[in-house]
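Peer 1: Going down the list, the sequences are from chains A and B.
Residue numbering for the first sequence follows our numbering, beginning at 1 and increasing consecutively.
Residue numbering for the second sequence follows our numbering, beginning at 1 and increasing consecutively.
Everything labelled a hint here was simulated from the structure, so no lab data went into it.
All of these numbers come straight from a predicted model, not from anything done at the bench.
Among the clues, some could well be false.
Straight-line alpha carbon distances no greater than 25 angstroms define the calculated PhoX-like cross-link-like pairs of lysine-lysine that follow [said to hold, decoys possible]:
no., chain 1, residue 1, chain 2, residue 2
1, A, 60, B, 148
2, A, 60, A, 95
3, B, 9, A, 60
4, A, 181, A, 290
5, A, 60, B, 69
6, A, 95, B, 91
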Amino acid sequence: MSEQHIKLPDGSIEKQTSTLNLGPTHPATHGVFQNIMEMDGERIVSATPTVGYIHRAFEKIAERRPYYQITPLTDRLNYCSAPINNMGWHLTVEKLLGIQTPKRVDYLRVIIMELARITDHLICNSVIGVDSGAFTGFLYVMQYRELVYEIYEEVCGSRLTTNIGRVGGFERNFTPVAFQKIEKFLAEYPAVLKEFENLFTRNRIFMERTQGVGGITAERAMNYGFTGPNLRATGVDYDVRIANPYCSYEDFEFSIPVGTTGDTYDRFLVRNAEQWQSLHIIRQAMDKLKSLPEDVYHADVPAYYLPDKSDVYTKMEALIYHFKIVMGETDILPGELYNPVEGANGELGFYLISDGGRSPYRLHFRRPCFIYYQAYPEMVQGAMLSDAIICMSSLNLIAGELDA
Amino acid sequence: MSLTNEHIKNRLAEKFGDAITNFEESFGMMSFHASKEINLKVMQFLYDEQDLQFRFLSDLTAVHYPDQKGAELAVVYHLHNFVDNVRLRFKVFTDVNTPQVFTATQIFSSANWMERETYDFFGIDFVGHPNLIRILNVDEMDYFPMRKEFPLEDQSRTDKDDEMFGRGGNTAGI
């Protein structure tokens with residue numbers, strides 16, 4: 001590229017730029033995607049992101065699968081908080097079918113979703129620390145993610161791609177051990193989070209690395225379709241849990257933390273503050289559960305809820321329903337809906353068109369990561385290369401969700 | 001005064017008249033069809049008017065209806081008004097042989113990649129888009145995989161009877 005074609009940033013000394021390939025497989029890119037950067041010394045003139053390296057055609061696969069088999073696909077979108085994706089899909093199908101879930105199911109789901117939000121935020125925030133050279137915080141909080149994974153394991157048997165729950169509720173009831181583990185987490189985690197905050201928020205190195213880096217104004221963020229912590233860091237208090245309550249979120253008291261400048265530091269603070277709110281919500285849900293009957297864990301909709309395996313072997317009714325659901329012969333109503341849930345990093349939307357068939361006619365995921373990443377070139381323009389890394393990790397990019 | 005679906009409908013009807021059709025409300029969200037020539041005008045109108053203010057593009061995607069001759073592809077926009085917290089959906093239909101639709105990138109920056117994705121999977125040619133190239137699939141691909149004429153499984157397979165797997169008849173085009 002010749003000199004006159006390049007628009008150089010003000011104040012650049014050398015009138016020549018170099019091209020730098022950051023990724024696709026680079027430890028700091030948080031997944032498989034490429035950034036072709038045009039550099040003037042250590043300053044970024046422009047960035048061109050390339051994605052699609054782990055595209056797995058989920059939307060196409062979903063057109064061939066019965067509804068309950070789509071849950072494992074949603075697991076693999078944002079794998080740091082898979083339960084939120086699962087529940088979001090179940091809530092969408094329940095809305096389509098008009099299934100009302102009992103309060104206890106809603107509260108159990110809220111507990112699981114908020115735990116997932118905490119794990120997602122703690123990973124993201126501790127990785128921001130790693131990207132600025134502070135490995136200690138990461139190692140420290142990782143063992144508490146382990147506690148949450150043990151809760152998932154107790155509830156559904158798996159840890160990362162949880163495939164938790166079913167259309168209508170949960171596969172089985174929460175065991176007393178699961179509640180003990182949740183109590184243990186609630187008792188231990190606040191002190192850890194406090195210490196984690198102390199380690200970073202007033203740390204001079206961390207502040208200089210993050211304040212004023214990768215900032216975006218509220219207006220541009222809205223125009224770019226930002227949601228979740230990244231939008232709230234700019235000062236807009238939009239949260240799907242408040243705006244369009246689902247899953248009995250209207251029963252809980254919590255506030256929406258917002259930032260002011262929308263830079264990397266604010267995004268970090270918003271995520272930390274949200275973890276406190278999530279802990280507060282789980283505490284409330286645990287209290288509310290005490291006054292509800294203990295044996296309810298799914299809605300009474302035998303035509304859509306997969307029956308218990310032991311019932312399938314012993315009861316004729318259960319066998320028939322099991323067969324009908326598995327073979328895709330249950331009646332699915334035709335309809336078209338867009339159902340958003342508050343994912344850990346933004347509005348996760350499910351756009352579902354059913355023509356009454358066994359599989360969705362069309363299923364589209366509105367994936368927040370995909371929306372954020374297109375703003376990335378604008379956010380890092382004129383910044384240093386090291387700022388580009390920390391800006392990317394503070395956007396909480398998950399390649400699985402970016403590419404679907 | 002909170003914004004009602006009825007009010008939006010009346011405002012659109014008085015501005016665009018017959019160009020906007022098929023008003024319906026499903027699951028609490030209003031949806032309508034617009035002709036593809038005025039998609040930007042409708043969006044700009046919804047964006048600018050003081051009592052409407054749909055300034056957030058939640059989602060943009062497309063749907064393929066192979067049986068609707070002359071209107072096979074639908075581009076679907078989901079708009080959101082943050083102030084009154086109202087969402088709406090509108091669709092524009094286009095012929096599969098002339099899939100030209102105006103780009104929304106001038107109004108919403110977020111439309112950029114969403115339109116590239118829609119082009120990648122459905123082949124909708126967004127007129128005026130700054131960088132309309134494939135995004136998730138490889139550049140060499142010469143077809144649009146989310147269209148219904150590209151089924152997931154090889155249709156010449158004879159070792160498997162789909163009827164036995166509950167898949168007969170309901171998935172049109174597959």
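Peer 1: Given the hinted pair residue 9 of chain B and residue 60 of chain A, is their alpha-carbon gap at most 25 angstroms?
Peer 2: This hinted pair is violated, its Cα atoms lying about 34 angstroms apart.
Peer 1: Within 25 angstroms, alpha carbon to alpha carbon, are residue 95 of chain A and residue 91 of chain B?
Peer 2: holds (22 angstroms)
Peer 1: Holds or violated: residue 60 of chain A and residue 95 of chain A, Cα atoms, limit 25 angstroms.
Peer 2: holds (22 angstroms)
Peer 1: Please verify whether residue 181 of chain A and residue 290 of chain A have alpha carbons no more than 25 angstroms apart.
Peer 2: holds (16 angstroms)
Peer 1: Is residue 60 of chain A within 25 angstroms of residue 148 of chain B, Cα to Cα?
Peer 2: It holds: about 9 angstroms lies between the C-alpha atoms, which stays within 25 angstroms.
Peer 1: Would the pair residue 60 of chain A and residue 69 of chain B pass a check requiring their Cα atoms to be no farther apart than 25 angstroms?
Peer 2: holds (23 angstroms)
Taken one by one, the earlier hints fail for this structure only at number 3.
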